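J.: These are the residues of each chain, in order.
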Amino acid sequence: MPSVTSCSKERRPCAWFNITLFRKNWSRFWPLWSLYGVIWFLILTVGILNSRSIYDTMPDNYYPTGYVVYAIPMGILLSLGFGVLCAMAVFSYLYSSRPVGLMHALPIRREGLFLTNYLSGLSFFVLPILVVALLTLGAELYAGHGVDLTSLFLWGWCQCMVSLFFYSFAVFCAMFTGHILALPAFYGILNGLVFGLDALFRELARIFLFGFYTSYQLNPWVEWLTPTLCYIDRMGSTGSPNYHFTGLLPVFVYMLAGLVFTGLALLLYRRRHLETAGDVVAVSWLRPIFKYGVAFCSAVVIGTFLWSVFLPQVSHSILWSLLFFLLLTGALGYFIAEMLLCKSFRVFRQGWKGCLCFLILLTLGVSTLEVDPIGFEVRVPQAQQVVEVRLDTPSFAPYDGASSPSVLRREEDIARLVELHQTIIDHQSQLESAERVSSHSYVSQQVGDYMVDVETSGSFYFSFTYLFRDGGTMRRSYRIPVDEELLAEPTSPAAKLDALINAPGLAQQEYLSLYRSGDVLTRVNLSTYTGADQIFSSGADTQLLLDAVLTDLEEGNLGRHYLLENQDRYANCYYNDLTFHFYSQEARSELVEDGHIYQFTITIQTTATHTLEALRELGAEDVLILRSAAP
Amino acid sequence: MISVQNVVKTFDRFRALNGLNMEVPDGAIYGLVGPNGAGKSTILRHITGIYRQDSGQVLVAGEPVYENPAVKARIASIPDELYTFLSASTRDMMRFFRGFYPRFDEARYQALKEVFSSVQENIPVRRLSKGMQKQAAFWLSLCCRPDLLVLDEPVDGLDPVMRRQVWSLLMGDVAEYGTTVLVSSHNLRELEDVCDHVGILSQGKVLLERALADLQDNIVKMQIVFQERELPQLPEDLAVLHVSQVGRIHTLIVRGSADEVTNRLAIYAPILMEALPLTLEEIFIYELGGEDYAVRDIVL
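So the sequences go chain by chain: A and B.
Quick note, the first sequence lines up with residues 1 to 631 if you use full-length UniProt numbering.
Quick note, the second sequence lines up with residues 1 to 300 if you use full-length UniProt numbering.
Any given hint might turn out to be false.
Have a look at the derived ranges for each label pair, beta carbon to beta carbon [stated by the list, open to error]:
(1) 23/A to 63/B: 26 to 32 Å
(2) 471/A to 8/B: 37 to 43 Å
(3) 63/B to 193/A: 40 to 46 Å
(4) 36/B to 273/A: 20 to 26 Å
(5) 249/A to 91/B: 30 to 36 Å
Cross-link-like lysine-lysine pairs, in silico, DSS-like; alpha carbons within 27 Å at most [stated by the list, open to error]:
(6) 130/B to 113/B
(7) 113/B to 24/A
(8) 353/A to 343/A
(9) 24/A to 130/B
Keep in mind that the hints were calculated from the coordinates and are not lab data.
Values in this document were obtained by computation on a predicted structure and should not be read as measured data.
Ideal Cβ positions, reconstructed from N, Cα and C, are used throughout, including at glycine.
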């Protein structure tokens, strides 16, 4: 006869959520949520309370609005760190066979376990945020500088959403690994994976493709697929006096992404084989991706690093040494990944076939890049196809307003650049040999009455972007060696580049790029070697100088620029610059001081006869000093 | 109660369960025995709904157990390696299980406190000795009022008195509530005392399963002395599993009932013949001998 016990009133277990487990997570992992809450309490609540003493020294609205809005981006790194910690905590039972057995023998569906653990982890963020928001509200009331519920709500909402994303992403990572230490590793790597892969591919292409353009500017899609960067770049404030929050779009977008990751995590969890507890990768179809991914990344990152460390002076044309390092480190990465997957050091016998396939594919890939089957390296457009060329060059001496030409629009300039491009292609092997050598040589020489260290050779990157008539673009970047011999040889790339930057009218176009008819010349400054500028402010003087400079530019007497700081440069250029200050009647966005002010600077040269004559007329001849005399 | 039909489970190309079939009747105490690596713990994890089989069916009370909370609420299990939360005491774990098992019997928990008096319920389970941890596991499992109790090496670590106490409690539940007990153990002498059904696993399959009495009736140890010193040519259809000789006494392990085997050997007019029952351990050893798992004479 069964005894009368509590079991006599039988109820069905709830399959989708369990409050006992929820409470258990809260009691087990209290250090996490309490630490998160305490950090925000110190930043926000205590910060507001401390504001009482410095309130008067801060701009209007800084307390309470600005301070709270400025605190929002601080949550990015906090959520990044606590996101993975919370996921590691609440899903820690998945990484060892014993807790796996305990939790999955319980009368609850996997969806129930997932939902309960997921929500409890999320509540580690949400509830402390709510409490801190309430405490901060109290602090604002106590501090007596006003209350801004909107900014406080915005802070809380943004923290919840950013935390939702990072936590959900960490939970997603937690579902395809079976090792608790692999989780933060995967989480960190995947957070920056797109950024890293983009950099890796660009580095490989830069090494192997002659002329490949490497920009340090991130593509927008790379930024969007690197959440931490995107948050940091885009979340902020308009500043004083309104302190409006900027960056709601990434908050919304990543919130949606977080929900998607949650769904994917649930799908993975439903299909997860629990016997994979302890495995680095718990999803079978991800194992080869992991293995070959590690091998590829090792090859590119460590291989190129070792190559540059051990053979720093090897020229671009001897790439077999790089291939050797790529294959060596690729194989190393492959076997390390295999060891992690198999949890054994004895992987060589069974893994050599896969490794061999990988190394063959790597060799083919590298050879393909080197052979350039699509003709990337030798492609030179027709000048007629090009509308404009944007240049990205270093500054050429003298360092004035036209030292770094930025854009070519005239047909003859474009034709010159295309010709230069073709010359570069024709001298590919010569340029590749110089690719990794960027030393500059100097020699002391007599220039006039003075001994000067003149530059005899050097090299520099020269990048340009074609803008085609059909809207397309083409970017190239080359390192061009320069020395006196090359400059003297008219068919060399150095000589062609010299001709391009000194093309008739190009310097004039650069100097006067901001000038519009009707703009008022307000003053002209003449820099001096000894002290303060000499200033010409009367209309007649300034106009005299402007006319003289324009005439010299027109006649090609002024604006000569040099690839090397050589004897000519020292002998021809004065130390002194003329800076023309203009006022535009019409406000223009590219100008400063509310869009009205601009200036251009031009270095005086010995060939500028009209300018020198004008300065003589104005009595400024005495302050002129040649560059060789003012090293 | 349990019906396992043609279950296959593969771990990294290793087939742990190879088309396993098994039937455990309601109210039975079913002993699962087999050599190391035979798949005992693996099938127990399928029966408790932890693992998902690659193919086949695992039914408890006629329903698939995997992802079926209603069925799992009727199962309690004690795994070989116990797990409790880091600083959880027996009382904490009781509260935890109470939140999951609808039939959790708190009154029984209080009542069993006297039986498991050596277990301090307020100190973390991890700080208890191995035997006490096992006692705590039994304590909590029995309070879940399961229809099916799955035990993997359950009394390993318990002292003899507590073993008897625990088996006594289990027997009481079987007798009073019709609880089915599935127990995996290498302690065959103990299983022989408590089990009414036995299944022998080898290489991911159940070699044989029967009521223990049937099993013992179907294999017999014959001690026999023939007229001649040497063993005569026995009939080919006589299923002799093992033969040994000490002096003139031959010991034969023969498949079949004692009467049948005695009658068949009587035609050799032996000087002495005696049929002896086999222990479960002997049955296990001789049955697995055919599976190439015999005890080997090793010369070092």
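J.: Could you grab the alpha-carbon distance between residue 353/A and residue 343/A and see if it respects the 27 Å cut-off?
T.: Given that 27 Å is the threshold and the Cα spacing comes to 19 Å, the pair holds.
J.: Do the beta carbons of residue 36/B and residue 273/A sit within 20 to 26 Å of each other?
T.: holds, 23 Å
J.: For the pair supplied as a hint, residue 113/B and residue 24/A, is the alpha-carbon distance within the 27 Å limit?
T.: holds, 24 Å
J.: Could you see if the CB distance from residue 249/A to residue 91/B stays within 30 to 36 Å?
T.: Distance hint for residue 249/A, residue 91/B is violated at roughly 51 Å.
J.: Within a Cα-Cα threshold of 27 Å, do residue 130/B and residue 113/B meet the stated pairing?
T.: holds, 18 Å
J.: For the hint 37 to 43 Å, verify it against the beta carbon of residue 471/A and that of residue 8/B.
T.: violated, 60 Å
J.: Under the criterion that the straight-line Cα-Cα distance not exceed 27 Å, is the pair residue 24/A, residue 130/B satisfied?
T.: holds, 24 Å
J.: Range first: 26 to 32 Å. Now tell me if the beta carbons of residue 23/A and residue 63/B are that far apart.
T.: Given about 30 Å between the Cβ atoms, the range holds.
J.: Just to be sure I understand the hint, the distance between the Cβ atoms of residue 63/B and residue 193/A should be within 40 to 46 Å; is that true here?
T.: Check passed, 44 Å falls within 40 to 46 Å.
Checked against the numbered hints given earlier, this structure breaks hints 2, 5; the rest are met.
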